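Participant: Protein sequence lines correspond, in order, to chains A and B.
Residue 1 is where the first sequence starts when you use UniProt numbering, and the numbers rise one by one after that.
Residue 1 is where the second sequence starts when you use UniProt numbering, and the numbers rise one by one after that.
Keep in mind the hints are simulated off the structure, nothing from the lab.
Note that the coordinates shown come from a computational prediction; the quantities given were computed from them, not determined experimentally.
One or more of the hints may lead you astray.
[As the list claims (entries may be wrong)] In silico DSS-like pairs for lysine-lysine, Cα to Cα no more than 27 Å straight-line:
1. K186/B <-> K123/B
2. K145/B <-> K186/B
3. K113/A <-> K344/A
4. K121/B <-> K123/A
5. K186/B <-> K320/B
6. K179/B <-> K37/B
7. K179/A <-> K121/A
8. K186/A <-> K344/A
9. K186/A <-> K209/A
10. K123/A <-> K262/B
11. K179/B <-> K113/B
12. K186/A <-> K121/A
13. K145/A <-> K123/B
14. K262/A <-> K174/A
15. K37/B <-> K174/B
16. K262/B <-> K174/B
17. K123/B <-> K113/A
18. K37/A <-> K123/A
19. K145/A <-> K37/B
20. K113/B <-> K145/A
21. K123/A <-> K113/A
22. K344/B <-> K113/A
23. K113/B <-> K123/B
24. K174/B <-> K209/A
25. K37/B <-> K121/A
26. K113/A <-> K29/A
27. K37/B <-> K262/B
[Unchecked claim] Across the chosen pairs, the derived CB separations fall in these ranges:
28. P341/B <-> E356/A: 55 to 61 Å
29. I290/B <-> E21/A: 28 to 34 Å
30. S198/A <-> P40/B: 50 to 56 Å
31. T80/A <-> C86/B: 53 to 59 Å
32. V253/A <-> G256/B: 55 to 61 Å
33. L89/A <-> S265/B: 48 to 54 Å
34. E120/A <-> I290/B: 48 to 54 Å
35. E276/A <-> C51/B: 40 to 46 Å
[Unchecked claim] Calculated Cβ distances over 12 Å to all of chain A for the following chain B residues:
36. G95
37. P299
38. E337
39. E356
40. T367
Built from N, CA and C at the ideal position, the CB exists for glycine as well.
2 protein chains.
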Amino acid sequence: MKKKESMGVQQVICMKGGVGEGSYARNSKSQAALLSKSMPLLEQAVLDLCCTTLPESVAIADLGCSSGPNTFFAVSEIMTIIYRRCRQLGRSPPGFWVFLNDLPGNDFNAVFKSLPTFHEKMKEENGQEFGPCHVAAVPGSFYHKLFPSRRLHFVHSSCSLHWLSQVPPELLNKQITNKGKIYLSKTSSPALIDAYASQFQRDFSLFLKLRSEETVPGGRMVLSLMARRTPDPVSDESCLLWDLLAQALQGLVSEGLIAEEKLDSYNAPYYQPYTEDLETGIENDGSFSINGLEIMVLPWDSASGGQNYDRPTTAQKIAKSMKAVQEPMLASHFGAEIMDPLFKRLMEIIAADTREVEHVSVLVSMTRKA
Amino acid sequence: MKKKESMGVQQVICMKGGVGEGSYARNSKSQAALLSKSMPLLEQAVLDLCCTTLPESVAIADLGCSSGPNTFFAVSEIMTIIYRRCRQLGRSPPGFWVFLNDLPGNDFNAVFKSLPTFHEKMKEENGQEFGPCHVAAVPGSFYHKLFPSRRLHFVHSSCSLHWLSQVPPELLNKQITNKGKIYLSKTSSPALIDAYASQFQRDFSLFLKLRSEETVPGGRMVLSLMARRTPDPVSDESCLLWDLLAQALQGLVSEGLIAEEKLDSYNAPYYQPYTEDLETGIENDGSFSINGLEIMVLPWDSASGGQNYDRPTTAQKIAKSMKAVQEPMLASHFGAEIMDPLFKRLMEIIAADTREVEHVSVLVSMTRKA
């Protein structure tokens, strides 16, 4: 049962593929903003790596690469910084072996179609001597081992680790219920809160164990994920949007478009941890030392690319951005046909509400101990 | 010009994706028959590799893996043989790192969807201790470097190397014409024959140079491709089906469905070399020693899976099988709308003809010299 459900989650957590109007590729502005905010710490980690002896070919993994303009962003930056730093130091720059990881349902075909442009851009920006740069795709869950031992020199993951390997088992086996909700909320029982926190703890500790095996001693890892700056797991900051999405689902229940049991049996495989929980997790694992940890805050309207829109326009952009991320997951449970009414309703709910929350992420940079 | 055309070829040489009626996945019986015929020599190469010290993780590349039931066939066999041989010898079996390569237009999404089944099957057949087996996809032309140096222990490629990196340049720049034909034929000029032979020679020698860099000393490579058992480059054995396809295209020209210039400017990026040419190529490269070379012959009706059908049924199967392989290439030049009439006509032409040819392939097994 556990295995089956976990497989299920892995088949449906994927951003909306393609390059159409509703695709993740065209609705990932807040993730792009986050990536760009994370640059200083990422750059420092890469420069630090350049102080060590680099191999002939530096292996870089991006875990949860998705499909769209953000896919190549981090790896491009990482390679460019290494290349330029080596030139600056008068050292001969290494080649690169780039591994793009995401779940098997990710639209890798679209990623591959953009490869020629990616290679051209790297040469245009860095000169014709740049490279060689070999790109491979690694389909699979990062809660499984993805590489043989000690292969990676730099691991990056952005906006992915808040996705759990599965819905907490207590919810799956109905030991705990979460009536009318799909994530933690102000009214969550302590048992529900515990179930989510424990699932995250297990997943994060497994992630660290696997990466510690795959990373060479001295290798770097930079992770960013949605997080909390408060110990309170049910503050608006981490729960508001899930609450509004649950409201939209409740609306469809009252219209008879969704069966009530269908809503009651859906829970998000998601958790927004407190930054201190992450530090504790890394310390408990023991194989990485933390070089830096930063809280990154994006404004409420970050899905609009930081432009100051009015409430209805912002509501539309937020709903679209949530749809691009969550549609495959929700559609597999509730049916594809209710996706449009659901997100239309979500947009109306957000537009009618007056609350605004900031989107909080954490960025942590670490080194694989020798 | 040269670069552009070469890119073009790389974007369109790909088997028909998906799993539909006309897909390569459902019309690749002759390729499957060939794979199964190549097993004894492949097995010997793998057993020989097992006599050497195996690394913790054996890196296996399949170049031109396509998408369908054949994709995992060779790598599954290679891993199974290594695993069982190690158990038999009382040695601890290695893990595996499998690299599936094909052009970026290959339907990798479909390949990734079948990964869970593939992993389950490997464990079912070999036991739960089998693995770990990590799978990565490497999109790109095998006429480019695909891996950093000295990474691969076993390289396999089946039914792919007869595809050239580009149409011979003399045809592209119209120094030579090939009126009404799309490949070599009985009426080909010596200049045309030379142009094709030289393009193959350049491509094959580049392929060997690249693989010799990527393969560890002592690593093995087993290649199969369409070939000739006669020095005559325009015998029916290698030209008949291309001639019949050209006839079908000529038919559409006379019906006004295709412009004559369109047909005259199309030439297949394909060459069926004489087996001795391959040996010479490998000797000239100098980095591999040949362990064995075998000619494999499939009957005329191999697309029907070896069943004895009547001529019309066989004609239908051959036309379907050719369509699954060539449709993306032909459609990009002639337009998707004429594909159905084209292959319908091809089927009629094959059905009305009485000639039969055997399909000849060569299988060559070699070792990367130390």
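Participant: Each of the hints needs a verdict: does it hold here or not?
Facilitator: Hint check:
1. K186/B <-> K123/B: This hinted pair is violated, its Cα atoms lying about 51 Å apart.
2. K145/B <-> K186/B: violated (36 Å)
3. K113/A <-> K344/A: Outside the cut-off at roughly 32 Å; violated.
4. K121/B <-> K123/A: violated (42 Å)
5. K186/B <-> K320/B: Within the cut-off at roughly 25 Å; holds.
6. K179/B <-> K37/B: Violated, because 37 Å separates the two Cα atoms, which is more than 27 Å.
7. K179/A <-> K121/A: Answer violated: K179/A to K121/A is near 50 Å, above 27 Å.
8. K186/A <-> K344/A: With Cα atoms ~25 Å apart, K186/A and K344/A stay inside 27 Å; holds.
9. K186/A <-> K209/A: violated (33 Å)
10. K123/A <-> K262/B: Answer violated: K123/A to K262/B is near 35 Å, above 27 Å.
11. K179/B <-> K113/B: violated (43 Å)
12. K186/A <-> K121/A: violated (48 Å)
13. K145/A <-> K123/B: Measuring from Cα to Cα gives roughly 16 Å; hence the hint holds.
14. K262/A <-> K174/A: OK: K262/A and K174/A at ~13 Å, within 27 Å.
15. K37/B <-> K174/B: violated (40 Å)
16. K262/B <-> K174/B: holds (13 Å)
17. K123/B <-> K113/A: Violated, at about 33 Å.
18. K37/A <-> K123/A: holds (25 Å)
19. K145/A <-> K37/B: With Cα atoms ~35 Å apart, K145/A and K37/B exceed 27 Å; violated.
20. K113/B <-> K145/A: holds (18 Å)
21. K123/A <-> K113/A: Distance of about 18 Å is within 27 Å: holds.
22. K344/B <-> K113/A: violated (31 Å)
23. K113/B <-> K123/B: Holds, because 18 Å separates the two Cα atoms, which is no more than 27 Å.
24. K174/B <-> K209/A: This hinted pair is violated, its Cα atoms lying about 60 Å apart.
25. K37/B <-> K121/A: Violated - the C-alpha atoms of K121/A and K37/B are around 44 Å apart, more than 27 Å.
26. K113/A <-> K29/A: holds (21 Å)
27. K37/B <-> K262/B: violated (38 Å)
28. P341/B <-> E356/A: 55 to 61 Å: holds (60 Å)
29. I290/B <-> E21/A: 28 to 34 Å: Given a distance of about 55 Å, which is not inside 28 to 34 Å, the answer is violated.
30. S198/A <-> P40/B: 50 to 56 Å: Holds: the Cβ-Cβ distance is about 54 Å, inside 50 to 56 Å.
31. T80/A <-> C86/B: 53 to 59 Å: Cβ of T80/A to Cβ of C86/B: about 43 Å, so the range 53 to 59 Å is violated.
32. V253/A <-> G256/B: 55 to 61 Å: Check passed, 60 Å falls within 55 to 61 Å.
33. L89/A <-> S265/B: 48 to 54 Å: Once the Cβ atoms are compared, 51 Å apart, the range 48 to 54 Å for S265/B and L89/A holds.
34. E120/A <-> I290/B: 48 to 54 Å: With a Cβ separation near 38 Å, E120/A and I290/B fall outside 48 to 54 Å, so the hint is violated.
35. E276/A <-> C51/B: 40 to 46 Å: Hint violated: Cβ distance 55 Å, outside 40 to 46 Å.
36. G95: The claim breaks: G95/B does not keep its Cβ more than 12 Å from every Cβ of chain A (closest is about 6 Å).
37. P299: holds (35 Å)
38. E337: Since the minimum Cβ distance to chain A is about 23 Å, E337/B lies beyond 12 Å and the statement holds.
39. E356: holds (38 Å)
40. T367: holds (23 Å)
This entry does not satisfy hints 1, 2, 3, 4, 6, 7, 9, 10, 11, 12, 15, 17, 19, 22, 24, 25, 27, 29, 31, 34, 35, 36, going by the numbered hints stated previously.
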